Amino acid sequence: MSDLTIAQKAVGGEIAVRSAPYFPRRRKRITGRSIAILVFLTICALFFAIPLYVVVVTSFKSMAQIREGAMFALPGPWTIEAWDYAWNRACSGINCNGLKVGFWNSVAILIPSLILSISLSMVTGYALALWNVRWAGTFLFLLFICAFVPFQIIMFPLISMTSTLKVYGSVWGVAIVHAVLAMPVLVLIFRNYYKDIPQEIMSAAIMDSGSFWRIFVEIILPMSGNILIVILILQITSIWNDYLIGVTFGGFNGQPMTVNLANLITISTGTVAYNQNMAAALLTAIPPLVIYFLVGKLFVQGITAGAIKG
Amino acid sequence: MRTRIALLAAGLLSGTCVPGALAVDLVVYHSWSAAPEVAALNVLRAGLEEKGHTWTDIAIPHNTGSNVNLMSLVTGGQPPNVFMESNPGVYRDLAGMGFGATLTDWYEENGILEHLPASVAASIRVDDEIVKVPTALHIDGMLYYNMEVAEAAGVDPAAWTSLEEMFADFDAIREAGYDPLAVGSQPFQVGYLMHALTAAIAGPDVYTRIYGAEVDPAALDDPGFRQTLETLRLFANEAGPEAQNRPWNETTNEVITGNALMQIHGDWMKGEWLAAGKTPGTDFGCIEIPGAQAVVVTVDAWGMLGGVPDDVMQAELDFASVVLDPEIQGAFSAEKGSTPVRLDAPEGSLDACSQNVLQILSDEARQVQNPHNTADADWQNSIWDVVFNFWSEPNMTVDEAIEQMKSNYDTILG
Numbered sequence: 001m002s003d004l005t006i007a008q009k010a011v012g013g014e015i016a017v018r019s020a021p022y023f024p025r026r027r028k029r030i031t032g033r034s035i036a037i038l039v040f041l042t043i044c045a046l047f048f049a050i051p052l053y054v055v056v057v058t059s060f061k062s063m064a065q066i067r068e069g070a071m072f073a074l075p076g077p078w079t080i081e082a083w084d085y086a087w088n089r090a091c092s093g094i095n096c097n098g099l100k101v102g103f104w105n106s107v108a109i110l111i112p113s114l115i116l117s118i119s120l121s122m123v124t125g126y127a128l129a130l131w132n133v134r135w136a137g138t139f140l141f142l143l144f145i146c147a148f149v150p151f152q153i154i155m156f157p158l159i160s161m162t163s164t165l166k167v168y169g170s171v172w173g174v175a176i177v178h179a180v181l182a183m184p185v186l187v188l189i190f191r192n193y194y195k196d197i198p199q200e201i202m203s204a205a206i207m208d209s210g211s212f213w214r215i216f217v218e219i220i221l222p223m224s225g226n227i228l229i230v231i232l233i234l235q236i237t238s239i240w241n242d243y244l245i246g247v248t249f250g251g252f253n254g255q256p257m258t259v260n261l262a263n264l265i266t267i268s269t270g271t272v273a274y275n276q277n278m279a280a281a282l283l284t285a286i287p288p289l290v291i292y293f294l295v296g297k298l299f300v301q302g303i304t305a306g307a308i309k310g
Numbered sequence: 001m002r003t004r005i006a007l008l009a010a011g012l013l014s015g016t017c018v019p020g021a022l023a024v025d026l027v028v029y030h031s032w033s034a035a036p037e038v039a040a041l042n043v044l045r046a047g048l049e050e051k052g053h054t055w056t057d058i059a060i061p062h063n064t065g066s067n068v069n070l071m072s073l074v075t076g077g078q079p080p081n082v083f084m085e086s087n088p089g090v091y092r093d094l095a096g097m098g099f100g101a102t103l104t105d106w107y108e109e110n111g112i113l114e115h116l117p118a119s120v121a122a123s124i125r126v127d128d129e130i131v132k133v134p135t136a137l138h139i140d141g142m143l144y145y146n147m148e149v150a151e152a153a154g155v156d157p158a159a160w161t162s163l164e165e166m167f168a169d170f171d172a173i174r175e176a177g178y179d180p181l182a183v184g185s186q187p188f189q190v191g192y193l194m195h196a197l198t199a200a201i202a203g204p205d206v207y208t209r210i211y212g213a214e215v216d217p218a219a220l221d222d223p224g225f226r227q228t229l230e231t232l233r234l235f236a237n238e239a240g241p242e243a244q245n246r247p248w249n250e251t252t253n254e255v256i257t258g259n260a261l262m263q264i265h266g267d268w269m270k271g272e273w274l275a276a277g278k279t280p281g282t283d284f285g286c287i288e289i290p291g292a293q294a295v296v297v298t299v300d301a302w303g304m305l306g307g308v309p310d311d312v313m314q315a316e317l318d319f320a321s322v323v324l325d326p327e328i329q330g331a332f333s334a335e336k337g338s339t340p341v342r343l344d345a346p347e348g349s350l351d352a353c354s355q356n357v358l359q360i361l362s363d364e365a366r367q368v369q370n371p372h373n374t375a376d377a378d379w380q381n382s383i384w385d386v387v388f389n390f391w392s393e394p395n396m397t398v399d400e401a402i403e404q405m406k407s408n409y410d411t412i413l414g
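Heads up: the protein sequence lines correspond to chains A and R, in order. The opening residue of the first sequence carries number 1 in the numbering used here; numbering runs sequentially from there. The opening residue of the second sequence carries number 1 in the numbering used here; numbering runs sequentially from there.
With the rest of the complex left out, here is chain A:
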């Protein structure tokens, strides 16, 4: 009985395919143009892939093999010695506990910085887009200008300010500076996203006696999934890869992983251990990559959602 149904289904399926409109595709010819495109794309891919290949294979080599100088050769014996050293034993100053110390510092910096920067910008963007704020245009314009001020110019004033606020040299100091510096761009992104929410929804919400915060939490926040993913990836990447803010505001104990990496790699006199350097660089680069692979699909959705609406 069951065999029969399967057979019937299969036949039905075949019929369905046959009855569908059939457009014969022209047989693809390899033209000069497509070859040129293929070559160009291959070169582009190699442009990024070759250095990556060298980084990866070097990190698995022993120093003895690296000294021989064959940069593109595969590791003689594969060894994870360099990775182990970079993670567990590399020195940052006289503390030789590896990059893992900086890794957890970076995590400790990342989470409050993310929460602070995203929540601040989100609420500001929401207020500017959907509420009648006096001087909203001027404020937006000022934010827009701020997006073009290089951090280095305002670094020393910021140090004085965080020092007055008693947060200099702590994770919170780093988080506040990240939040403030990310605000211009993030507010603009959020504001433009919320601007496309139909006015009717807001009117209805206000009529149902929703307060500023209640509308935000119950209506706006649930609609922000796409854009939150985009901002999350942007912010995780920029905070994780940041060196200057962490090193300047982190004080004695709060230095992020990038500072450990720089300590490991910046050697003025002495042997350069390329395998350890490469392993350390890869270790530092992995977390944003993992995040991107996990939510990358949503990232693209988020970007295109914005594009279609706009």
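Read the hints as simulated data drawn from the structure, not as lab findings. Remember, it's a predicted structure, so these values are computed and weren't measured experimentally. We put the CB at the ideal spot given by N, CA and C, even for glycine. Hints may contain errors.
Restraint ranges, calculated between C-beta atoms of paired labels, are given here [stated by the list, open to error]:
#: 1; chain 1: R; residue 1: Pro-247; chain 2: A; residue 2: Ile-30; range: 39 to 49 Å
#: 2; chain 1: A; residue 1: Ile-111; chain 2: R; residue 2: Met-97; range: 31 to 41 Å
#: 3; chain 1: R; residue 1: Ala-176; chain 2: A; residue 2: Ile-153; range: 57 to 67 Å
#: 4; chain 1: A; residue 1: Arg-134; chain 2: R; residue 2: Gln-78; range: 39 to 49 Å
#: 5; chain 1: R; residue 1: Asp-378; chain 2: A; residue 2: Ile-111; range: 36 to 46 Å
#: 6; chain 1: A; residue 1: Ala-73; chain 2: R; residue 2: Gln-244; range: 17 to 27 Å
Position chain R relative to chain A; hints supplied.
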């Protein structure tokens, strides 16, 4: 109960404190993280802990002269107690902010100055006051050669008494199948080679008039300086295409692996040789540039933060006395691969290269300071530019190079 507390207190005191000294936690700021550097720092830490203090470490790498990170810590109100810094500008800035600490009296009370080589004693002064504590010493241009290759090629670098004799042997070395001289075509390596050669060929007087604090443009016309540039051209001729932008340590590896006989570069080369398991004096030889009139000395130094309470200042001075202790200097240099900054460091702690260096440095007239310590930064950079162009451009004449330097002088310092 009371006796128990008293016992506990006594136990703590005897365990952590040397009688009479107050335990202070010193924040030590530096840029060292390489294995030999860390081993050397641990020698200092052990000495500091013996004096009853503790060491809080902050390591941030930096390549810029202005040491921005140190200044951020000071501006933010969390300055370190001691910091590694050679640039005199940083000391002037700190003094201007009320954090300067002058050590002139301390040096005189402890009778340290007479044990320091002349160039070291000069390098620790900023505006006539001693503010630095020298910790490690390097020579900017030493000749390191592979002894096995020298034997195979039938030459003895130690017997060369002038650069002419050295170049005269080059053909024999090539015939034996080796590159005579490994060079790296990088502005940094060429710039260092140039000032080392200036001290070696043109002599300390011309060197100081060009690379010193007060520049005398007439020194650019000195025949010795002209000869230096002519010699630099001979070095440039040894640079093949493979030398293009080759880092110094890879250049050193050309000598270690026996492709080339020798390299003339800063004596931090020793670190590469030691890392490759070679022994100074048996596997590789280290001599000064043949016929050199003077050597250029680089000094790594610590600074002390002023404007602190007395007990903290005392602890900072304890740190200084640890750094300058002759025994600790010997142990420190052996770990770091540098040369002690004291002429009276114990003989047993010195390798063949360091013994050689200290012997040169016992002669006051044969040493000059690294330009980073003395010269105007823009002027020095402009020399590097001209010299590297000269190096890379075989058609550029010595006259053209000197003309360019003169016109740079007029723009920058004139």
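Results for each hint:
About 45 Å separates the C-beta atoms of Pro-247(R) and Ile-30(A), a value consistent with the hinted range of 39 to 49 Å. Checked against the hint of 31 to 41 Å, the C-beta distance between Ile-111(A) and Met-97(R) comes to roughly 35 Å, which is consistent with it. Between Ala-176(R) and Ile-153(A) the CB atoms are about 59 Å apart, so this pair conforms to the stated range of 57 to 67 Å. The hinted window of 39 to 49 Å between Arg-134(A) and Gln-78(R) holds, with their beta carbons roughly 40 Å apart.
Remark: the range hint 36 to 46 Å for Asp-378(R) to Ile-111(A) is upheld by a beta-carbon distance near 45 Å. Range check, Ala-73(A) to Gln-244(R): Cβ separation about 22 Å, and the 17 to 27 Å hint holds.
The structure meets every hint from the earlier list without exception.
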